[in-house]
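Spelled out from the first residue to the last, the chains are:
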Amino acid sequence: MIENAFDISKELLHIEVEDSKINGYRFVTATCVDLGNGTFDVIYHFDKDLELKNLRVNVKKEEELPSISNIYFSAILVENEMKELFGLNIKNIAIDYGGHMLLSDEELDSPMAKQQIVIEKRKGDK
Amino acid sequence: MGKSGKSGKSGKTVIPFGPQHPVLPEPLHLKLVMEDEIIVEAIPAIGYVHRGLEKLTEVKEFTQNVFIVERICGICSMMHAQAYCQGIETLMNIQVPDRAKYLRVIWGELHRLHSHLLWLGLLADAFGFESLFMQVWRNREKVMDIMEETAGGRVIISVNAIGGTRRDMSPEVLRKVAVIADEIKEDMMQLEKVFMADYTVKHRLVGVGVLEPDVAYEFGAVGPMARASGIKQDLRTTGYAAYGELDFEPVVETGCDSYARTMVRLREVYQSVDLIKQAIGKIPDGETSVPVKGMPNGEVISRVEQPRGEVLYYLKANGTKNLDRLRIRTPTFANIPTLLKMLPGSQLADVPILILTIDPCISCTER
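Those protein sequence lines, which keep their order, are chains X and S. Just so we're aligned: the first sequence equals residues 1 to 126 in the working numbering. Just so we're aligned: the second sequence equals residues 1 to 367 in the working numbering.
Keep in mind that a hint or two might mislead.
[What the hints assert, rightly or not] Here are the simulated lysine to any residue pairs, SDA-like style, with alpha carbons at most 25 Å apart:
| no. | chain 1 | residue 1 | chain 2 | residue 2 |
| --- | --- | --- | --- | --- |
| 1 | S | K321 | X | G38 |
| 2 | S | K31 | X | G38 |
| 3 | X | K60 | S | E58 |
| 4 | X | K61 | S | E58 |
| 5 | S | K282 | S | E130 |
| 6 | S | K142 | S | P25 |
Simulated from the structure, these hints should not be mistaken for laboratory data.
With the rest of the complex left out, here is chain S (with noise of 0.2 Å):
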């Protein structure tokens, strides 16, 4: 863990928290400032596994990317895909089959609840609530399942092609993945008691890491951290894909704390799994995907709402296979800073519920 200092005139005690610890799946040092027991500042370090991935872009083709791309994050690798694809179909005015779009809509859904279900069971282990932890990620696995069998691999599915997908669903499996995501829901439902009502579950959740919204607004938080800030405030809402065809309403809470933050990712796993009945009702037959003939040239930016919030994509071409530059800025960048805002006046006791409550994500944000 390091050394800790205290600096004997201020009273005031340095404490490293990280880059290893139980709380977290991935390396994020902060050093926290504290008088007694109380944060007073807190500065992140990052940098423990940055892998250059944007520089890689440059000397891979434009085609070859969109697997890059998708091993910046597991966790919504999906989306990382379709992002780009997105903006070079946008570069070279590529009209992507509609059959393409549902599909899309579905499997970036199931990446949502796959994520959404792992934030919940480790915020249950995050507390010490291990059976808990292990019923929301029995449900995980149900997705886990589905990905699998749709797609051939259970984290990084490779569907997204530029043009647009490269694999279909048979009317079997969609009707398959409709019963299993109601499966989900009812178990969820049962569960949902649990997160919303356990005295120990809101004893840590309520009142803690406030932030309020006009603060969410300025830090530039993104994702269920602005909307459990209640900022409405959700990218699929532009329509992209085929969001546009879809009937949904962001998920706003008001509370803007940690407990705020766990109902909006709750309601946003029924949320998905709506949306993805829908796109099962509506998804029209048809090819999944176009040729893509020529190379993209000039500058463009896409952006789609992964399930920690807006991920931006700006785009470069030059009219050769090469791309000048790709630039992403991933959810987790934009929502450290709010970070620093709720530490300071916190009890050193709710530090790895409040990194944990912003969903971070560290492969993301070094990229």
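This is chain X alone, in the form it adopts within the complex (with noise of 0.2 Å):
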């Protein structure tokens, strides 16, 4: 097990970022891990004085997620980033590239899971 990690209920989560932020922490950024069981487990990781806390979400498949981009901007990059490539339903970040920050229409939907999700797309897009 990592150091400093904490197992959270994903309504839990906002509450605990938020806390993080208030107390002065950095967003490092979040890690997508496909369990291969249906769920994923999502870790979001900050930084104070260089010590790491580490907050673990675990979702089913097509659950939505809350974004954190709300309280830290700086997640809209790797949010967007685990909705496409692990197919992940993050409801709500900042700017939401509608699975087209890192994929094109040609090119396979959540390629990092260990199975394939259709993930939401923009109105519009074919």
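Mind docking these for me? Both chains are given alone in their own frames, and the hints should help you get the complex.
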């Protein structure tokens, strides 16, 4: 297990992330891990004085996960990346590329996931 | 370059910047919303060179991944391999020989030197100072020659292995490295005057792209971007490899602008020379690697200070030769949001300098 990691529910995600911001943590990144059993671990990494804090949320495939970009704007790239590469259903990203930050129409959906998921497209997209 | 358009009611113009542009060695696209010459909004678009290397590491053996992560980026290839190896070594409880730790510092700082010299040269080229560009790169060539002599390659040097280093440096070579490092420092001290005091250089950099400390921290800036905004943040101070045995302080500037970011990188050139010489003075005799037995298991996070800032490696192993997951967050990935903060309010003419000032590495960002 990684040090200083806490399992939380997705309902508590915003509260914990806001708490991290109030307490002076820098958002480092998030990591998505496909567990292969129909669920994903999403680990949010924060740093304060070069010490990491990690919040782990387990979500089922296609289950909605709130974006934290309204708290930490710097999460926009990684949230779009996870949405496209793993098919995570992340809602309300501050800048949502609608599945086209990295992938084009011709490419496979959710190429990093162990089982492919068709992600939501913007209106008008083919 | 693509098309630009003007929306009739708002009077705003959208100008596409990149993905191909003389100032960009790699493809990055920015959609700039303009009012006259002033940027009001910038939206980045990436995805032109995504290679899926994280996925590739899941199907290769964990020992082969060293060579894959080295190829994420040429400029900091050595440190990608170092971060990966350190992660696996932690998972497998491998004690790396002290000599290998010092060698990692020497090669790592050589990489930082050539990265910062490359950036300083590109900056000079971006504002049209070609002789300065050539003088800086002349010095960079000396670093490349050392790497070729010590490792056989100029860019991807493949010196890291799980358990230590693949190569050693003889006392003669170490002495030569110290002499060349001194030469580079001497040359750069001559060129420093141009970067610090030339009217046109200062005109292009001072007060351009101001990133206040609280904003830099909130937007997750790392490396020279953060340190030029007064944030004393340098992972080398955690003491990984042999940094814990060396005497240094993070280079911090408080100007918060493009000039401050130039000064940080310039001063870090001298700092790297100093660290190389300290490491050469203290390097112990002994083995450079230990044998690796078994398979990694568990989760670990490994972080290293690359020339552009913090890189984070998350590794999840399952006791087999293949990893479950390798996640890499590179410094440019962290610094792009700061660009979106700096661009609004800036002049269109300053966009190339502002993009360059974050020292973007798109190969790293997209992996």
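Right, here's what the structure says about each hint:
1. Distance check on the hinted pair: K321 (chain S) and G38 (chain X) sit about 24 Å apart at the alpha-carbon level, within 25 Å; holds.
2. At most 25 Å may separate the alpha-carbon atoms for a hinted pair to count; K31 (chain S) and G38 (chain X) exceed this at roughly 37 Å.
3. Only pairs whose Cα atoms come within 25 Å are accepted, and K60 (chain X) paired with E58 (chain S) is accepted, the gap being roughly 22 Å.
4. A distance of roughly 21 Å separates the Cα atoms of K61 (chain X) and E58 (chain S); the hinted pair therefore holds under the 25 Å criterion.
5. Restraint check for K282 (chain S) and E130 (chain S): not satisfied, since their Cα atoms lie roughly 39 Å apart, outside the 25 Å limit.
6. With a CA separation close to 22 Å, the supplied pair K142 (chain S) and P25 (chain S) stays within the 25 Å bound.
Comparing the model with each numbered hint stated earlier shows that hints 2 and 5 do not hold.
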